[in-house]
Amino acid sequence: HFLILSNTSPRFTSSMLCGIPSKFLRRHGSNRRHHLPIGHSVAGLRCHCSVSVSQPAVSETSSTSVKKRIVSGVQPTGSIHLGNYLGAIKNWISLQNSYDTLFFIVDLHAITLPYDTQQLSSATKDTAAIYLACGVDTSKASVFVQSHVRAHVELMWLLSSTTPIGWLNRMIQFKEKSRKAGDENVGVALLTYPVLMASDILLYQSDFVPVGEDQKQHLELTRELAERVNYLYGGRKWKKLGGRGGAIFKVPEPLIPPAGARVMSLTDGLSKMSKSAPSDQSRINLLDPKDVIANKIKRCKTDSFSGLEFDNPDRPECNNLLSIYQLITGRTKQEVAQECQDLNWGTFKPLLTDALIDHLHPIQVRYEEIVSDTDYLDRVLAEGARKAADIADVTLNNVYQAMGFLRR
Amino acid sequence: RKIIGGRRMGRSVLSHFLILSNTSPRFTSSMSCGNPSKFFKRHGSIRRRQLPIGLSVAGFRCHCSVSVSETTVSENSSSSVKKRIVSGVQPTGSIHLGNYLGAIKNWISLQNSYDTLFFIVDLHAITLPYDTQQLSSATKDTAAIYLACGVDTSKASVFVQSHVRAHVELMWLLSSTTPIGWLNRMIQFKEKSRKAGDENVGVALLTYPVLMASDILLYQSDFVPVGEDQKQHLELTRELAERVNYLYGGRKWKKLGGRGGAIFKVPEPLIPPAGSRVMSLTDGLSKMSKSAPSDQSRINLLDPKDVIANKIKRCKTDSFSGLEFDN
Chain F
1 HFLILSNTSP RFTSSMLCGI PSKFLRRHGS NRRHHLPIGH SVAGLRCHCS
51 VSVSQPAVSE TSSTSVKKRI VSGVQPTGSI HLGNYLGAIK NWISLQNSYD
101 TLFFIVDLHA ITLPYDTQQL SSATKDTAAI YLACGVDTSK ASVFVQSHVR
151 AHVELMWLLS STTPIGWLNR MIQFKEKSRK AGDENVGVAL LTYPVLMASD
201 ILLYQSDFVP VGEDQKQHLE LTRELAERVN YLYGGRKWKK LGGRGGAIFK
251 VPEPLIPPAG ARVMSLTDGL SKMSKSAPSD QSRINLLDPK DVIANKIKRC
301 KTDSFSGLEF DNPDRPECNN LLSIYQLITG RTKQEVAQEC QDLNWGTFKP
351 LLTDALIDHL HPIQVRYEEI VSDTDYLDRV LAEGARKAAD IADVTLNNVY
401 QAMGFLRR
Chain C
409 RKIIGGRRMG RSVLSHFLIL SNTSPRFTSS MSCGNPSKFF KRHGSIRRRQ
459 LPIGLSVAGF RCHCSVSVSE TTVSENSSSS VKKRIVSGVQ PTGSIHLGNY
509 LGAIKNWISL QNSYDTLFFI VDLHAITLPY DTQQLSSATK DTAAIYLACG
559 VDTSKASVFV QSHVRAHVEL MWLLSSTTPI GWLNRMIQFK EKSRKAGDEN
609 VGVALLTYPV LMASDILLYQ SDFVPVGEDQ KQHLELTREL AERVNYLYGG
659 RKWKKLGGRG GAIFKVPEPL IPPAGSRVMS LTDGLSKMSK SAPSDQSRIN
709 LLDPKDVIAN KIKRCKTDSF SGLEFDN
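Protein sequences appear in the order of chains F and C.
According to my numbering, the first sequence is numbered sequentially starting from 1.
According to my numbering, the second sequence is numbered sequentially starting from 409.
This is chain F alone, in the form it adopts within the complex:
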């Protein structure tokens, strides 16, 4: 529960509680310790998040904190499940206190593969509502819809003029998804998906981007693109066109989620828990009622070993279920290992079920409140889009200038 921040150690883990003001940060030499009141709940949500960052959240040298910026996008396709939550959302909520955070629903990305037109709008709203229900604090973080900020596609086009086709052809995500969908029949937007993603990131001069395994290659492309644009259009050339000079884009760093954020399917210990898996039994949806959760855990795949342990390659299901238990309760790996090593599946499963229900119930209550108040949600998203556009348009105009465009 203690947050150790240090310039010299590249990685650390911490638990933070949502909404705790920065006065809890006490400086002790080069180490800062974050003291958390345990069990404090904000809006009925007990948060035991953990986060891992590769750099300090605030500059060591300045007394006034200039917060680093993190952006993160999520697809509005289908409902949110435990993998999304433990892999991303839970972490974001802790990040919002020490970083300038922007969360957005990537509806423009959603249409790159066949989707349900009739559902897109409600899926977009529901996704935003889930963020808020999970504890995103709108006084700190911006939440908005990607298509509501016009700069995203504008920068995407400009970037696409300097993105070699070859870079995109070798993207693993593209190759996999286009093969599934039928190669030459897929929309070209699937090919240029990473360019829009780069735009999402670079518009805000992001310092960090939380990425899972499947987005690492896209972030790498974003970094290469930023460096390429800086080289081709930045520096003295930009100055000649009346610009500030220097780098046009900050080159973003990956933010590696802490261990255990890769949540596996309940029915296949080797596959990631996913929205698109055919069987709903494979995942715990954030909005699953108690009895559904109980049933899914009861029926989930286990093994015939005795006792329970982490990190045994022959027991992926066991590792997965223990990890979920650990993350949802906020305990350390050692605590959980000790607690569960002599349990059998029959005694562990109810523990896991109860832990899940305890954690998800407050989120579900808050979610229902939000979706029943559409004005609130519309206002939040409008405000989020406005704040985002203010930042994005500055970057966009710099790029237009550096690329030599005639401005209005």
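A portion of the hints provided could be inaccurate.
SDA-like mimics (lysine to any residue), calculated; alpha carbons at most 25 Å apart, straight line [claimed, not checked]:
no.: 1; chain 1: C; residue 1: K662; chain 2: F; residue 2: A123
no.: 2; chain 1: F; residue 1: K250; chain 2: C; residue 2: K548
no.: 3; chain 1: C; residue 1: K600; chain 2: F; residue 2: R170
no.: 4; chain 1: F; residue 1: K240; chain 2: C; residue 2: K548
no.: 5; chain 1: C; residue 1: K639; chain 2: F; residue 2: N185
no.: 6; chain 1: F; residue 1: K177; chain 2: C; residue 2: Q541
no.: 7; chain 1: C; residue 1: K663; chain 2: F; residue 2: D378
no.: 8; chain 1: C; residue 1: K600; chain 2: F; residue 2: A123
no.: 9; chain 1: C; residue 1: K695; chain 2: C; residue 2: K721
no.: 10; chain 1: F; residue 1: K237; chain 2: C; residue 2: L536
no.: 11; chain 1: C; residue 1: K548; chain 2: F; residue 2: N185
no.: 12; chain 1: C; residue 1: K600; chain 2: F; residue 2: S372
no.: 13; chain 1: F; residue 1: K125; chain 2: C; residue 2: K663
no.: 14; chain 1: F; residue 1: K67; chain 2: F; residue 2: S79
no.: 15; chain 1: C; residue 1: K660; chain 2: F; residue 2: Q75
no.: 16; chain 1: F; residue 1: K177; chain 2: C; residue 2: N608
no.: 17; chain 1: F; residue 1: K125; chain 2: C; residue 2: R659
no.: 18; chain 1: C; residue 1: K663; chain 2: F; residue 2: K250
no.: 19; chain 1: F; residue 1: K239; chain 2: C; residue 2: K663
Please keep in mind that the hints were generated in silico from the structure rather than gathered at the bench.
Because the structure is a prediction, the values reported are computed rather than measured.
Starting from the known structure of chain F, arrange chain C on it as the hints suggest.
Frame of chain F, contents of chain C only:
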């Protein structure tokens, strides 16, 4: 045939009488810039337009010719609902005779009977390597040339593509329904990417036709003036419009609160009159082009007299006797 201003202009001089008829699919006409629509006189189902010869607008004598494939105004309505034409031109380099005779001259005549939108496609210009320091002035200069050639801003809209955010927005939406295969087979793409180095070209060169489709469909264009090299792109635009109408229009659109019916009007090509494919002065088999290495190959609109004289003096000819068309 009447002769305009004492000079015969060959095939580009057409009858001064504009024959408009719903039944004949194609016709040619000469119109003078800036003439008000009172020149339209209705005679039964045929309208004849009488043109004052030698009328000049702003010191510019216009002898444009235009070919359209449909009537400009609906026969049934007494108030004219003008059909809409959009046309974009690259801001790369200076305008030459090929651009002028192939497009600009025609547009200027179109602006009287159509709702015309002309735009400088700076977003398209960046799809191939370009001079960053020159783009802004080239954009302005191109707009200035349009206006100098007679585009009447009280009738036509002139704007810069990047100044209207909707162009790239619609482009992204369209790109979700444009199969990669359609783009891979575009001849323009294959030629230009081969020249530039295949996998090294920016992906914007591949998606160029999708932005072009967006340019056209945004304005529910009825017609698009296209030369030979853009025909395939217009065909893709038409297919894309039909595809979007099919996938998202009609009842599905109504269910989402929309008007229903077609989302996009499917645009028709506007074939320029014969002779608008101006060839290079140094190579009779290649189109006169901005990108040809030698400036001797083209007459730039802003070339001074002596330069024009010199280029014509030195231009390639042959050793046949006499002069003739179509050999």
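Hint by hint, here is what the structure shows:
Distance restraint check for K662 of chain C and A123 of chain F: the Cα-Cα separation of roughly 19 Å lies within the 25 Å cut-off, and the hinted pair is therefore satisfied. Restraint check for K250 of chain F and K548 of chain C: not satisfied, since their Cα atoms lie roughly 31 Å apart, outside the 25 Å limit. Taking the CA atoms of K600 of chain C and R170 of chain F, the gap is near 21 Å; set against the 25 Å cutoff, the hint holds. The straight-line distance between the Cα atoms of K240 of chain F and K548 of chain C is roughly 18 Å, inside the 25 Å bound, and the hint therefore holds.
For the hint pairing K639 of chain C with N185 of chain F, the CA-to-CA distance comes to about 22 Å; that is within 25 Å, so the pair holds. At most 25 Å may separate the alpha-carbon atoms for a hinted pair to count; K177 of chain F and Q541 of chain C exceed this at roughly 40 Å. Distance check on the hinted pair: K663 of chain C and D378 of chain F sit about 22 Å apart at the alpha-carbon level, within 25 Å; holds. Taken as a hint, the K600 of chain C and A123 of chain F pair is broken in the structure, with Cα atoms around 41 Å apart against an allowance of 25 Å.
Under the criterion of a C-alpha separation no larger than 25 Å, the hint pairing K695 of chain C with K721 of chain C is consistent with the structure, at around 19 Å. For the given pair, K237 of chain F sits about 18 Å from L536 of chain C by alpha-carbon distance, which is consistent with the 25 Å threshold. Proposed proximity of K548 of chain C and N185 of chain F is contradicted: the alpha carbons are some 40 Å apart, above 25 Å. A C-alpha spacing of about 54 Å is found between K600 of chain C and S372 of chain F, which places the hinted pair above 25 Å, so the restraint is violated.
Distance check on the hinted pair: K125 of chain F and K663 of chain C sit about 18 Å apart at the alpha-carbon level, within 25 Å; holds. The straight-line distance between the Cα atoms of K67 of chain F and S79 of chain F is roughly 31 Å, outside the 25 Å bound, and the hint therefore fails. As the CA atoms of K660 of chain C and Q75 of chain F are separated by approximately 23 Å, the hinted pair is consistent with the 25 Å bound. Annotation: proposed proximity of K177 of chain F to N608 of chain C holds, straight-line Cα distance about 23 Å (limit 25 Å).
This hinted pair checks out: K125 of chain F and R659 of chain C have alpha carbons roughly 24 Å apart, not beyond 25 Å. Taken as a hint, the K663 of chain C and K250 of chain F pair is broken in the structure, with Cα atoms around 44 Å apart against an allowance of 25 Å. With a C-alpha separation of about 52 Å, the suggested pair K239 of chain F and K663 of chain C falls outside the 25 Å cut-off, and the hint is violated.
Violation of the numbered hints given earlier is confined to hints 2, 6, 8, 11, 12, 14, 18, 19; the remaining hints are satisfied by the structure.
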